[in-house]
Amino acid sequence: MWATNAKIVGIVLGTLALYTLIANKIPQVQSEVPQALTLGANVTPEQLVAAGEKVYTGIGGCTTCHGLGERAPNLLTDEKGQGTIGARCGKREPGKTCKQYLYESLDNPTAYVVSGYQPIMPVMTKQLSPAQVWSVIAFLESQGGTVDVTASDIPTTSPASPTSPTSPGGGGGAGGAAFAGGSTDPKAIIQAAGCLACHKLDGQGQVIAPDLTHVGSRRDAESIRRKILDPASSVTKGYEKLAGIMPKSFGTMMSAAQLEALVQYLAAHK
Amino acid sequence: MTDPLLLLQAAADTSRAYGEFPVIGARAFVWITAEVHLMFAAFVLGVPMFAVVTEAIGIFGGDERYDRLSKEFTRLLLVAYSATAIWGAMLVFGLSTLYPRFWAYLTTIFAPSMWLYAALFFVESFTLYLYYYGWDRWKKGRAKLGHWTLGILLNVWGTIVMFIANAWLTYMMSPPRDITPTTDPTTIKLWHAIANATWMPINVHRVIANVVFGGAIVGAYASYRFLAARTEEERAHYDWMGYVGNFIAMSALIVLPFAGYWLGREIYQYDQSMGITMMGGFMSWLWVIQAFLIAVLFLTGNYYLWIGMGRIPGAERFRPYTKYLLIVLVLGAIVWGTPHTMIADSKELAAMGGSHHPFLGALGVMSAKNTAVNLMILTTFLSFLLYRRANTRPVVPWARAGTIIQGAMFAVAAGVVLFYGIRGYFVEAIVRIGFSVYQVLAVLSCIVFVTVIDILMARGAQSLGAIRWGRMPPRSQYALFILAVTFTWLMGLMGFARSGIRQYWHVWQVMQDTSKYAATPALGYASKMISLCVLIFLSLVAFVFWLGGLAEKSTFVATAEGEKGARHVGH
Chain F
1 MWATNAKIVG IVLGTLALYT LIANKIPQVQ SEVPQALTLG ANVTPEQLVA AGEKVYTGIG
61 GCTTCHGLGE RAPNLLTDEK GQGTIGARCG KREPGKTCKQ YLYESLDNPT AYVVSGYQPI
121 MPVMTKQLSP AQVWSVIAFL ESQGGTVDVT ASDIPTTSPA SPTSPTSPGG GGGAGGAAFA
181 GGSTDPKAII QAAGCLACHK LDGQGQVIAP DLTHVGSRRD AESIRRKILD PASSVTKGYE
241 KLAGIMPKSF GTMMSAAQLE ALVQYLAAHK
Chain D
1001 MTDPLLLLQA AADTSRAYGE FPVIGARAFV WITAEVHLMF AAFVLGVPMF AVVTEAIGIF
1061 GGDERYDRLS KEFTRLLLVA YSATAIWGAM LVFGLSTLYP RFWAYLTTIF APSMWLYAAL
1121 FFVESFTLYL YYYGWDRWKK GRAKLGHWTL GILLNVWGTI VMFIANAWLT YMMSPPRDIT
1181 PTTDPTTIKL WHAIANATWM PINVHRVIAN VVFGGAIVGA YASYRFLAAR TEEERAHYDW
1241 MGYVGNFIAM SALIVLPFAG YWLGREIYQY DQSMGITMMG GFMSWLWVIQ AFLIAVLFLT
1301 GNYYLWIGMG RIPGAERFRP YTKYLLIVLV LGAIVWGTPH TMIADSKELA AMGGSHHPFL
1361 GALGVMSAKN TAVNLMILTT FLSFLLYRRA NTRPVVPWAR AGTIIQGAMF AVAAGVVLFY
1421 GIRGYFVEAI VRIGFSVYQV LAVLSCIVFV TVIDILMARG AQSLGAIRWG RMPPRSQYAL
1481 FILAVTFTWL MGLMGFARSG IRQYWHVWQV MQDTSKYAAT PALGYASKMI SLCVLIFLSL
1541 VAFVFWLGGL AEKSTFVATA EGEKGARHVG H
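Quick mapping for you: the protein sequence lines, in order, are chains F and D.
Note that our numbering gives residue 121 to position 121 of the first sequence, counting from 1, and the numbers run on in steps of one.
Each number in our numbering corresponds to the 1-based position in the second sequence with 1000 added.
If you are wondering where the hints come from, they were derived from the structure by calculation, not from laboratory data.
Remember, predicted model here, so these are calculated numbers, not experimental data.
Among the clues, some could well be false.
Computed cross-link-like contacts, PhoX-like style, restricted to lysine-lysine with a CA-CA straight-line distance of at most 25 Å [claimed, not checked]: (1) 126(F) / 1516(D); (2) 1139(D) / 1071(D); (3) 200(F) / 270(F); (4) 25(F) / 1528(D); (5) 1528(D) / 1516(D); (6) 54(F) / 1516(D); (7) 7(F) / 1528(D); (8) 96(F) / 126(F); (9) 1189(D) / 200(F); (10) 1144(D) / 1071(D); (11) 200(F) / 237(F); (12) 91(F) / 80(F).
Selected chain F positions facing chain D (in silico; Cβ < 8 Å) [claimed, not checked]: (13) 8; (14) 15; (15) 23; (16) 26; (17) 33; (18) 61; (19) 200.
The beta carbon of each residue, even a glycine, is placed where N, CA and C say it ideally should be.
Given only the sequences and the hints, what does the whole structure look like? Please build it.
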């Protein structure tokens, strides 16, 4: 019986070893967590293209469909005699530059569905950071075209369309004015600042930090302003152990007009 | 109960959002405990299904062998239940200590269902004890029917328990679209979270998969007992038991891909990008491995049947055909395993002119793959049919016409599969996807109608001799082991696929995994984890079976009946 047992163990281990071996012999692809792509103010087109290629073939998952010629148009190879994407992107939509066309295709993929294909592409600006999106655009432009993406196209905190009125000339520039697209709408500021990731306001958001729905009844405008600029200045009772979690950077991110708009909006929440 | 608010406040302390487990790390610990728990759970849910079916065959068919077989199945469950609970407890402790923020979120939404889960597990356990220990006490008449009802209840409780747990994991995959990262979990309605997009497809898929899995493990158990048997009678009994286990596993396996299609479709409908990640993104190669494993299952399952024909008088008539069946299976496996959408760098893409090789791409598309797998299913069904008819000669007057009709049905089904497979190359993707439905319907219709004709044709059939149970070479039993290992490994692989498509999200696009293990590992690492889990599970199952043997002798009763054994499942 020992011989039989040994054979059974051998078969089990041999089968497991075979499957493991095969799975280790094929190309190994790990799904990485999208990382913030840091591109300096003096980033070169070559650096943008190199970064964009990594996103395109990696976490962007673009090659899943583009290149097959059946799920989505070929981008890196010729598509129906029109050349590669860099060569044809500027001719796709009248009045739109290659950069504008590519950005809108990533931001609103259903806007320009190429004839013969299904509208299956996800909104990439929701999946990638602005720096990643713009580097992909640079990479696609480099495929037969001219790269005209620059650092000024890449907003520091939130995406902005190259056609956005707040970002003339092709994109939101760096700096505080770009926060929430420069908007003084308190809801846009709250959205851009990510306040609701911890605070609850009008039924939305998390309840990790104090509920802001009636914040105006317990803090005046001055107190709210001070709290935003220096979160450690006062701590709401019951939340002592969360002290220090709220970022101290909001004062430097917002313009004075944005800060005031937000303060007055919250103070009105009695 | 802890106030959910306090749990969330505690969760905000990022230093305690994640714990760490020594040596292997938090993710590996949760991976192992979840997978091994799931394997035991599948076993204890799958085995009662056919335990109750075989008991019914014993009651209503008057064949006591099935009753004894059913009891032997159930005996395997007793210790397996404890193992399931132990690994489940380890998983809960792992989640609550290593992923406290995520666990707090999940319990905030699902707490009431978790209490119900625990209560039902309790009820299920006691139903099992009553079912097993009452076997000999409630053996006759109405009492026996009452006993059988206990078996049905056992399945009902088990299925509800599984459905509840499935709600938690499917919520992680496909939370309702109105739930966002800023949604307060205390405001999410329980049923809204439970009835998410992938809940019911997973439920159905798992019910079928559990039957497959249970059958395979029972088959392996029987094969071990066969190899260890000291008498011809004992060998005959375990040969028969192994056959039944394999029959059930392979029969359910044939249906499983259809449930898989449904699940895949729901995933695509829920979120295109998730579906694309699953089928064409970084998981592309996973499906090539899956195709290889399923090819192993089909080939080994058929191989076992073909060897089994050696113990059936009259089967020699059909043996020449097996080589053609083998050719179809091998060709099907090759097509199914052809890579298609692979992640490649831009140089590789440019060199190939697309993301796949021009020649292999033609075989790697779904038109070819669907055609291949449907033909493999038809071929396997034909193997079963030949096996069924091996020792009989139909005597009904329309026997010849019936056989011709059966042959025509096979030809039509294969023709439909081939037609839509080829046509799929000339239509748009959205149209092509619909073709798989016609292919599946053709195959299922063929299976159903051919079986009905075969049953009618077998009435009063002339026997060419009893099946010589036990007259099987040892290699047939080793094939059953390969089936069990492959089924188990496949289960681990598909678990990785289902869970891995969430990528760096605990809850898809609602709660992000910010731990150091957030990246989803490549298949190489995953395969090592799967093999480790399978090894742990099979070692424990071997221990469980050994314990079962210590506690009580086999329900096998050595009688001349075992030798006679002319009847078996399928006749």
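Going through the hints against the structure:
About 23 Å separates the Cα atoms of residue 126(F) and residue 1516(D), which keeps this hinted pair within 25 Å; it holds. Between residue 1139(D) and residue 1071(D), the direct Cα distance comes to roughly 12 Å. Compliance with the 25 Å bound is thereby established for this hinted pair. Distance hint between residue 200(F) and residue 270(F) is fulfilled; the C-alpha atoms sit about 14 Å from each other, no more than 25 Å. Proposed proximity of residue 25(F) and residue 1528(D) is supported: the alpha carbons are some 12 Å apart, at most 25 Å.
A C-alpha spacing of about 20 Å is found between residue 1528(D) and residue 1516(D), which places the hinted pair at or below 25 Å, so the restraint holds. Note on residue 54(F) and residue 1516(D): the hinted pairing holds, with a Cα-Cα distance of about 21 Å set against a maximum of 25 Å. Under the criterion of a C-alpha separation no larger than 25 Å, the hint pairing residue 7(F) with residue 1528(D) is consistent with the structure, at around 22 Å. Taken as a hint, the residue 96(F) and residue 126(F) pair is honoured in the structure, with Cα atoms around 22 Å apart against an allowance of 25 Å.
Under the criterion of a C-alpha separation no larger than 25 Å, the hint pairing residue 1189(D) with residue 200(F) is consistent with the structure, at around 18 Å. In summary, the hint linking residue 1144(D) to residue 1071(D) is supported, as the alpha carbons are separated by about 13 Å, within the 25 Å threshold. Pair hint residue 200(F) plus residue 237(F) holds up; C-alpha atoms about 16 Å apart against a cutoff of 25 Å. Taking the CA atoms of residue 91(F) and residue 80(F), the gap is near 14 Å; set against the 25 Å cutoff, the hint holds.
Look at residue 8(F): its Cβ gets to within about 6 Å of chain D, closer than 8 Å, so that hint holds up. Given the 8 Å rule on beta carbons, the hint for residue 15(F) holds: about 5 Å separates it from the nearest Cβ of chain D. Using the Cβ-Cβ criterion of 8 Å, the hint placing residue 23(F) at the interface with chain D is satisfied: the shortest such distance is roughly 3 Å. Because the smallest distance between the Cβ of residue 26(F) and any Cβ of chain D comes to about 5 Å, under 8 Å, the interface hint for this residue holds.
For residue 33(F), the shortest C-beta to C-beta distance to chain D is roughly 4 Å, which falls under 8 Å, so the interface hint holds. At about 5 Å, the closest approach between the beta carbon of residue 61(F) and any beta carbon in chain D falls short of 8 Å, and the interface hint on this residue holds. Hint status for residue 200(F) relative to chain D: holds, with the closest Cβ pair at about 6 Å, below 8 Å.
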